[in-house]
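Participant: Put together the whole structure using the sequences plus the hints.
Below, each chain spelled out in residue letters.
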Amino acid sequence: MLTLTVPELGLFALLVALGLSLLQATVPLVGAATRRPLWMAFAEPMAWGQFAFLLLAYASLTASFLLDDFSVAYVAKNSNSMLPWYYKFTAVWGSHEGSILLWSLILSGWGFAVSLFSRNLPRDMLARVLGVLGVVSAGFLLFIVATSNPFKRLLPSIPADGADLNPLLQDVGLIIHPPMLYMGYVGFSVVFAFAIAALIEGRLDAAWTRWVRPWTNIAWAFLTVGIALGSWWAYYELGWGGWWFWDPVENSSLLPWLTGTALIHSLAVTEKRGTFKSWTVLLAIITFSLSLLGAFLVRSGVLTSVHSFANDPSRGLFILALLGITVGVSLLIFALRAPRMSASVGFGWLSRDALLLINNILLVTMTVTVLLGTLYPLILDALGLGKISIGAPYFNSLFVPLTVLLCAFMGLGPVARWKQMPGRELFRRLLGAGVAALAIAVTVPFLYGGEWNAAVALGLVIALWVVLALGRDLFGKVHNASSPLAGLRKLSLSYWGMVIGHLGLAVTIVGVTMVSNYAIERNVRLALEERIDLGGYVFTLTELGERRGPNFLADTATIEVTRDGNAVTTLRPEKRLYIARGQPMTDVALYPGLLQDIYVAMGEELNDGSWAMRIQVKPFIRWLWLGALLMASGGVLAVADRRYRRRRSAVTESATFSNEVKA
Amino acid sequence: MRRRVLLLLPFLIFLVLGFFLYRGLALDPSARESALLAEKFPSFTLSTLEDPDARIDESLLRGQVSLVNVWASWCPTCKEEMPQLLELSERGVQMVGIDYKDTREHGRQFLEEFGKPFEVNIFDPDGDLGFELGVYGVPETFLVDANGIIRYKHIGYITPDDVEEVMQEVEKWR
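Residue numbers (our numbering), protein chains in the order written: chain A, 1 to 663; chain Z, 1 to 174.
Incorrect hints may have been included.
Listed below are several chain Z residues computed to face chain A (Cβ distance under 8 Å; list not exhaustive) [to be verified]:
1. PRO10
2. PHE14
3. PHE44
4. GLY63
5. VAL65
6. ASP128
7. GLU132
Hints are computed from structural coordinates only; laboratory data are not their basis.
Cβ coordinates follow ideal geometry from the N, Cα and C atoms, glycine included.
Facilitator: Put into structure tokens, the structure is as follows:
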């Protein structure tokens, strides 16, 4: 009896949450404008209530999945009684309706977190921030209720079993990839809310940047991990060993990441020097807008992508309207209000300020490059100028040189001083790092690949330049202290965050460079007991078999890998056929390693009983994702800096003081 | 005043972008080529269906736009597709067949019975070339330009309604 009404309970909770979000979107904002404390105080309970009811709605949908309630259309489309329970749990976000519900849940979760951690914010600021979050949330909840109800029933003809979750999504990487990515995307809406609140209030001071910086870093760290997980998943699940395809959906996750990175750096300038204020606010708005654009591109079907959700033009129109209203209105507010906050403090052309400005210009150029490449086919098509597609060659030919430039300046940034840095001193400090980077990078291709490779040398020189310049800076800071340990202890956590973040980028660049130039890939035909030599390894097919999984049948192969006669590993790739969908899938066998991966994917059976296989040796591929994890931990580490806690309590004092004055 | 205009710029850019996104909703993205296309036709060395001793390779596809059709005698839909392939061939398209996972005997019999649109048939008994091409099901048709680059791919059989579209693609790359 209880199970009968679970979906209705979910829908009811969803509608309540919508009501609460509408209140949250209006009452606190009006209250802040008209200075009514009671109205402003509305914000927090509404945010909590919204979070609680969305949690209930989400739990109801999950329950329908776990209970195999195929009368719910969304469950019938994305689950199957044979699906293992943990995939039933994750199938909730396996398709459009559920994933947008997860999106909204996470959004309300961020609102709840703002309420928990920003108790010390001035009352009107908090009301405005939560109010703006309420507006965004109301938009998404209206979207769900109007076009994407996940609780819709299939009555009276209930299917006997479900169509099963897309086999590509039945995987560990996919369990965590979307939630991480959404945490990032949605996290930027908090930053956006702070930006709009600052515009409305006309207040953008150092205190404001200290409130915003932790939220930016956390959202950015989640997005970094989310993108890395997506790349990792594509690598081992799609079966052909690529890790980045410049696919429109990948691009749309990279766009807010690039502007988010720019934002982190411009916030540093705004906090320390009080400059770049309008620019910082604009970046916050743009980063959030690009997150919304990503949602639009994925869910509206305007671009083709391997990620395509089941598309529906009415959904596209709704998200476009949502995008139009939130982004349009916020850019208008920006145009009208931004001048009030202008402040100008001069700085020399060689200074940390100037270098961070260059960093921002480069990152924005990269964003525009990717955005144009992604939308260009659409724009041309809309103008009736023909149908074309833009592939990796375009992106690589622009993105790679821009990254090289970015890294060149990245080495200088941490060493340079604010306001003014004598060129001669900068040169003296970094000469050693530059020469060492060049020398090592030039020799490594000889040692590793046996022959000179300009691309490898270039990739390594920029990575080493970044690392060695950081090392020089660290040395300088420790060297001047009374003892090395005391010097290290004096460094702030946000400094360490910067060091680790930059180090992460260097590690990723090493990975990209090595795997792009030294990967070995071959399609081979393997018969039983046949041996293949590849990249110094010998692959022997020792066994072919079949097995039955919970919801699939698989052809299996056993491949012994040896090197110089010593056993390295045994790989067991599979070719699976998922029963409910009749969909074939390749299950890749991997032997991962810090210095290289061995990768075997089964193709198909050939007439004489042998199998087509794709064998790859991928050097340093793990470094790609390891670097991303380092970047993300750098972002998180900076948040733990004492400065954000200590100064916040100072803000509280002044805030209480001003409240007392008002009272 | 100039600063005001400057600050309004993001909004104006967004309006233009919004216009294109709106137009995009009404367009069909699948008509645009996927980014995975524009790759070289994989290299191969195989015999022809007609002559077991012949050796042909990818240079066969150079110099002229050709339609490469993957077929097999065991594939019922390939029979349905034959009239359309014959029509394309009559309209002057160079057609190349790949007889996929088939025996010579059955393959030849099939062509005798249903027609011979192909100038040459690559004999791929083990499906190696099909694997390289990423063929999942037969039939599949690839348009290869004069430089041996794959420009268009038609999955599944070419229906009578598809002929015009395929013809247009051929014209486009000539």
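Participant: Should the interface hint for Z/GLU132 be scored as holding, given a Cβ-Cβ cut-off of 8 Å against chain A?
Facilitator: Cβ of Z/GLU132 sits 6 Å from chain A, so the hint holds.
Participant: Could you check if Z/GLY63 really has its C-beta closer than 8 Å to a C-beta on chain A?
Facilitator: 24 Å, violated
Participant: So, as I understand it, the hint says Z/PRO10 touches chain A; can you test that by seeing if any CB pair is closer than 8 Å?
Facilitator: Hint on Z/PRO10: holds, closest Cβ of chain A at ~5 Å, below 8 Å.
Participant: Is the hint on Z/PHE44 kept, meaning its closest Cβ partner in chain A is under 8 Å away?
Facilitator: Given a least distance of 11 Å, the restraint on Z/PHE44 is violated.
Participant: How about Z/ASP128: closest beta carbon in chain A under 8 Å, or not?
Facilitator: Cβ of Z/ASP128 sits 7 Å from chain A, so the hint holds.
Participant: Can Z/PHE14 be said to touch chain A, with a Cβ gap under 8 Å?
Facilitator: For Z/PHE14, the interface hint holds, since the closest Cβ of chain A sits about 6 Å away, which is under 8 Å.
Participant: So, as I understand it, the hint says Z/VAL65 touches chain A; can you test that by seeing if any CB pair is closer than 8 Å?
Facilitator: 18 Å, violated
Violation of the numbered hints given earlier is confined to hints 3, 4, 5; the remaining hints are satisfied by the structure.
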